[in-house]
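Trainee: Listed here are the chains, written in short residue letters.
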Amino acid sequence: MAEEDGDHQPLRGSDPPDQVLDTVLETVLQFLTCRQDRNSASLVCQSWHRAEALTRSELFIGNCYAVSPARATARFPRVESIYIKGRPRFADFNLMPRNWGAHFRPWVSAMSRAYPWLEKVYLKRMSLTNDDLALLADSFRQFKELELVFCEGFGTKGLSEIASKCRQLRVLDLSDTEVIDDAMDWISSFPEGETPLESLTFDCVECEINFEALEGLVARSPSLKKLRLNRYVSIRQLYQLLIKAPQLTHLGTGSFSQSENIQHLDDNQDLDYHSAFAACKSLVCLSGFKEVMPEYLPSIYPVCANLTSLNFSYTNINPQQFRSVIVHCHKLQNLWLLDTVCDEGLQAVAASCKDLRELRVFPVHPDEDIEGPVSEVGLQAISEGCRKLQSILYFCQRMTNEAVIAMSRNCPDLVVFRLCIMGRHQPDHVTRKPMDEGFGAIVKNCRKLTRLAVSGLLTDKAFSYIGQYGKLVRTLSVAFAGDSDMGLRYVLEGCPRLQKLEIRDSPFGDEALWAGAHRYYNMRFLWMSSCRVSRLGCQEIARSMPHLVVELLRYEEEDAPFVEEDNNNFSVLYMYRSLEQTRNDAPESVTIL
Amino acid sequence: MSPPLTAMEDEGQNDVSVASSSTVDCDLQSGLGLKERNYLGLSDCSSVDSSRVSTLSNDNKSNLNLKATELRLGLPGSQSPERDPSQQFVSSGKLDEKLLFPLVPLSQTNVVSGSKRGFSEVNNSIPKEGNWMFHASENDVSGSGNPGINIKQSLGPACAQSNMGNEIQSKGSNEHSRVINQKNAASNAPAAKAQVVGWPPIRSFRKNSLASAMRNNDEVDGKPGPGALFIKVSMDGAPYLRKVDLRNYSTYQELSSALEKMFSCFIVGQCGSNGTLAKETKAEGNSKDLLHGSEYVLTYEDKDGDWMLVGDVPWEMFMNTCKKLKIMKGADAIGLAPRAAEKSTTQH
Numbered sequence: 001m002a003e004e005d006g007d008h009q010p011l012r013g014s015d016p017p018d019q020v021l022d023t024v025l026e027t028v029l030q031f032l033t034c035r036q037d038r039n040s041a042s043l044v045c046q047s048w049h050r051a052e053a054l055t056r057s058e059l060f061i062g063n064c065y066a067v068s069p070a071r072a073t074a075r076f077p078r079v080e081s082i083y084i085k086g087r088p089r090f091a092d093f094n095l096m097p098r099n100w101g102a103h104f105r106p107w108v109s110a111m112s113r114a115y116p117w118l119e120k121v122y123l124k125r126m127s128l129t130n131d132d133l134a135l136l137a138d139s140f141r142q143f144k145e146l147e148l149v150f151c152e153g154f155g156t157k158g159l160s161e162i163a164s165k166c167r168q169l170r171v172l173d174l175s176d177t178e179v180i181d182d183a184m185d186w187i188s189s190f191p192e193g194e195t196p197l198e199s200l201t202f203d204c205v206e207c208e209i210n211f212e213a214l215e216g217l218v219a220r221s222p223s224l225k226k227l228r229l230n231r232y233v234s235i236r237q238l239y240q241l242l243i244k245a246p247q248l249t250h251l252g253t254g255s256f257s258q259s260e261n262i263q264h265l266d267d268n269q270d271l272d273y274h275s276a277f278a279a280c281k282s283l284v285c286l287s288g289f290k291e292v293m294p295e296y297l298p299s300i301y302p303v304c305a306n307l308t309s310l311n312f313s314y315t316n317i318n319p320q321q322f323r324s325v326i327v328h329c330h331k332l333q334n335l336w337l338l339d340t341v342c343d344e345g346l347q348a349v350a351a352s353c354k355d356l357r358e359l360r361v362f363p364v365h366p367d368e369d370i371e372g373p374v375s376e377v378g379l380q381a382i383s384e385g386c387r388k389l390q391s392i393l394y395f396c397q398r399m400t401n402e403a404v405i406a407m408s409r410n411c412p413d414l415v416v417f418r419l420c421i422m423g424r425h426q427p428d429h430v431t432r433k434p435m436d437e438g439f440g441a442i443v444k445n446c447r448k449l450t451r452l453a454v455s456g457l458l459t460d461k462a463f464s465y466i467g468q469y470g471k472l473v474r475t476l477s478v479a480f481a482g483d484s485d486m487g488l489r490y491v492l493e494g495c496p497r498l499q500k501l502e503i504r505d506s507p508f509g510d511e512a513l514w515a516g517a518h519r520y521y522n523m524r525f526l527w528m529s530s531c532r533v534s535r536l537g538c539q540e541i542a543r544s545m546p547h548l549v550v551e552l553l554r555y556e557e558e559d560a561p562f563v564e565e566d567n568n569n570f571s572v573l574y575m576y577r578s579l580e581q582t583r584n585d586a587p588e589s590v591t592i593l
Numbered sequence: 001m002s003p004p005l006t007a008m009e010d011e012g013q014n015d016v017s018v019a020s021s022s023t024v025d026c027d028l029q030s031g032l033g034l035k036e037r038n039y040l041g042l043s044d045c046s047s048v049d050s051s052r053v054s055t056l057s058n059d060n061k062s063n064l065n066l067k068a069t070e071l072r073l074g075l076p077g078s079q080s081p082e083r084d085p086s087q088q089f090v091s092s093g094k095l096d097e098k099l100l101f102p103l104v105p106l107s108q109t110n111v112v113s114g115s116k117r118g119f120s121e122v123n124n125s126i127p128k129e130g131n132w133m134f135h136a137s138e139n140d141v142s143g144s145g146n147p148g149i150n151i152k153q154s155l156g157p158a159c160a161q162s163n164m165g166n167e168i169q170s171k172g173s174n175e176h177s178r179v180i181n182q183k184n185a186a187s188n189a190p191a192a193k194a195q196v197v198g199w200p201p202i203r204s205f206r207k208n209s210l211a212s213a214m215r216n217n218d219e220v221d222g223k224p225g226p227g228a229l230f231i232k233v234s235m236d237g238a239p240y241l242r243k244v245d246l247r248n249y250s251t252y253q254e255l256s257s258a259l260e261k262m263f264s265c266f267i268v269g270q271c272g273s274n275g276t277l278a279k280e281t282k283a284e285g286n287s288k289d290l291l292h293g294s295e296y297v298l299t300y301e302d303k304d305g306d307w308m309l310v311g312d313v314p315w316e317m318f319m320n321t322c323k324k325l326k327i328m329k330g331a332d333a334i335g336l337a338p339r340a341a342e343k344s345t346t347q348h
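These protein sequences, in sequence, are chains A and B.
Position one of the first sequence corresponds to residue 1 (UniProt numbering), numbered consecutively onward.
Position one of the second sequence corresponds to residue 1 (UniProt numbering), numbered consecutively onward.
So that you can see chain A by itself, here it is in the shape it has in the complex:
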């Protein structure tokens, strides 16, 4: 065993016992993959701490400002893959200034020196530039996987760097990421000859691509399993790709409609899409359909029976069109939908998809007032038909406690329950009572619940339920809810596993903030926007907890004269634990106490 590790001497009888122990430890700890286990192991004693640090190859940074790149690279010298998360989730809804931070630059700079063998980078809600991508491409010879989720700041030029220089690239996945159109044909930047590409996801890239180059790329990537096209790829082009890559397991279909730009001689002649899909015997995950022409939907019937994951969340189809697809999908486990399928469509899901684990229903009209096509009827149906449900995200305009309680009873395996009743302070639309009992039932009956998002009219009672029963809850999202500080106090005092708490527009103030002081070092972050906390209260917290970074984000008007720091002039309180001093890359609108 010891011979495998080049840094250590072969095992000899005269080795001091602690060196032997270190060697053994490292060898054993290599097999420890779960990071929570690793964290625990590192606390045992000095030598375990050292051994664990030397053997950790996958580094997870939940908050890019909690620890500096220097510190991370110093402690863990042999990292091969890194996960970094930047902005908090509410930044996605324009509640944070765009230049708030979460820059990749310091990380890529540090890693270019510390981890020349780095293979994988996964970033979520980070800002990165073309230069950062260029540096990445230049620094890591063995770079294999790049996954960017909810990121922004770079363009097709950066993509081109990655494509051309990372010869061992297996995965290039861009999800919900903004890519600037630098007018650079990045698809053509992939090298000639066979590529090791396994996954290429660019469905969020809002610029045209060189289809011919893409065709060539797909043809010379025999390992390609996942391909997710953007909406500039028409259905005809999809066909041409499918016949070249029937081995695909994950497919994003692009627009799934005819393109009006490309003039084909035989435009009226329809290709045999049905057969093309039928040839994809391994297809298990389907998405795209960004501008779907419903008459083409029947072509996917051949693959429906094998599908475990279907993303129709950009697909505007009516219940009948949807039903004709979903009746074939018996193995479905993940389903994302637009609410245009209506309660009727959800009833069809309940009837066909008995194995469903995750459901997300997005609103085509995120409006607070309209009747809305989905309601408690759909939720009830799902709860009755899909008993194995583990995760649900449901946008609606009206809901009842009864349906939510039913779901809590029918789906005891729920781990994630996110219900967004879009009307603010909207009660149960039948009984006109608050939604307290519904959410209370969820935390009471779903013993495995770790993530909860609440909405509708909620009093402090709802929060007392959460504090009382939500013992495993790690992430809690609250908006326009609660009556008083007690609400927040219930949660902060009652939920020992709480890691991420995001609250907006709720009447929680300084007293509640103080009530949670004992928790904040054990949490990743607390977000409170448009609540009742005052600057003074925040200052008190900041003063008494030196390892807590307390950021106050000010709302800035475009044309207003710059205002001197006003006593309570902030919109967002964002605080997080950190081992570092105050960051120096914050914009003007951010005050760090």
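No lab work stands behind these hints, which were simulated from the structure alone.
Remember, it's a predicted structure, so these values are computed and weren't measured experimentally.
A virtual CB, placed ideally from N, CA and C, is assigned to each residue, including glycine.
Just to be clear, a hint being listed does not mean it is correct.
Simulated coverage check for chain A against chain B, where a stretch passes if three residues somewhere in it have a Cβ under 8 Å from a Cβ of chain B [unchecked claim]:
#1 69-78
#2 92-100
#3 364-370
#4 420-427
Position chain B against the provided structure of chain A, taking the given hints into account.
Mentor: The following block gives chain B in isolation, referenced to the frame of chain A:
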């Protein structure tokens, strides 16, 4: 449930409010002075700001004025502690932000005052929750936002800066108000067309994508629609091109403002390293409008390959003939048309 969308009963089920809202919005847009604002305050409603601030009749200081202008304030009951609960509504001739962000709980005052029809009046006459007519008539349309789908947003990364999750809200239920009034802290603002940033929590990317998908399906029932009409926009001196979807706009003015936003960082010449706008660029604002009175001229290449000045032909015709857009310096555009020549000479 009765169809709330009485204006559109003959349209497809999927069309819900999009088609009608776009027509309604256009009508209302000129009528209402309200502008949408996002977190960074990217909107051009400085006149609204100043009037709002000045009309604040209250013994409290300027920081409350600013408070009043803060977007976060959506509803009474969700006020921040600094707010003076006794602060009264300012009645004004236009639907200003006060109405959107009332500073008192609903139960205390009649939230809507001034020349706008009182909410309670409308409330009483329209008992049904979510009645479309009510919704439509009180609809605020801001410069670049629409209820629900941001139809008028141009696609492309630049627009994300001006995207917002703003939703226009109107609560129409009497019963609802009663229930709400019982709960002091939970009282909402049925009257106020509160534009709340980031609510409902749908990411801009999704909204934009849905907008284009909706457009596609709306235009022709079931038949292949024309989809988006993307035109490349280049600008002298800018390092890269942008694309705009002409179908997002219905007037030259809209196109112009969108382009201005997109290219403003190049116009002033300052742009952060990650593409964000520096504060100074906004403050200078020396290119208010690409169509009128700036040193830049908006031109387009038509089907015949000729470069023409934007603005001369009706919008529909322009949409059909425009192949490319280019933002030229005034001096370069002299040859295009006499008007262009005059413009550039007056600039210098």
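Trainee: Does each hint fit the structure? Answer for all of them.
Mentor: How the hints compare with the structure:
1. A stretch counts as covered by a chain when three or more of its residues have a beta carbon under 8 Å from one of that chain; for the region 69-78 of chain A and chain B the count is 0, and the coverage is violated.
2. Residues of the region 92-100 of chain A lying with their CB closer than 8 Å to a CB of chain B number 8, which satisfies the three-residue condition for coverage.
3. Interface restraint, the region 364-370 of chain A with chain B: holds (7 residues with C-beta to C-beta distance below 8 Å; minimum three).
4. Coverage of the region 420-427 of chain A by chain B holds. Counting CB-CB distances below 8 Å, 7 residues qualify, and the rule asks for three or more.
Hint 1 from the earlier list is the only one contradicted by this structure; the remaining hints agree with it.
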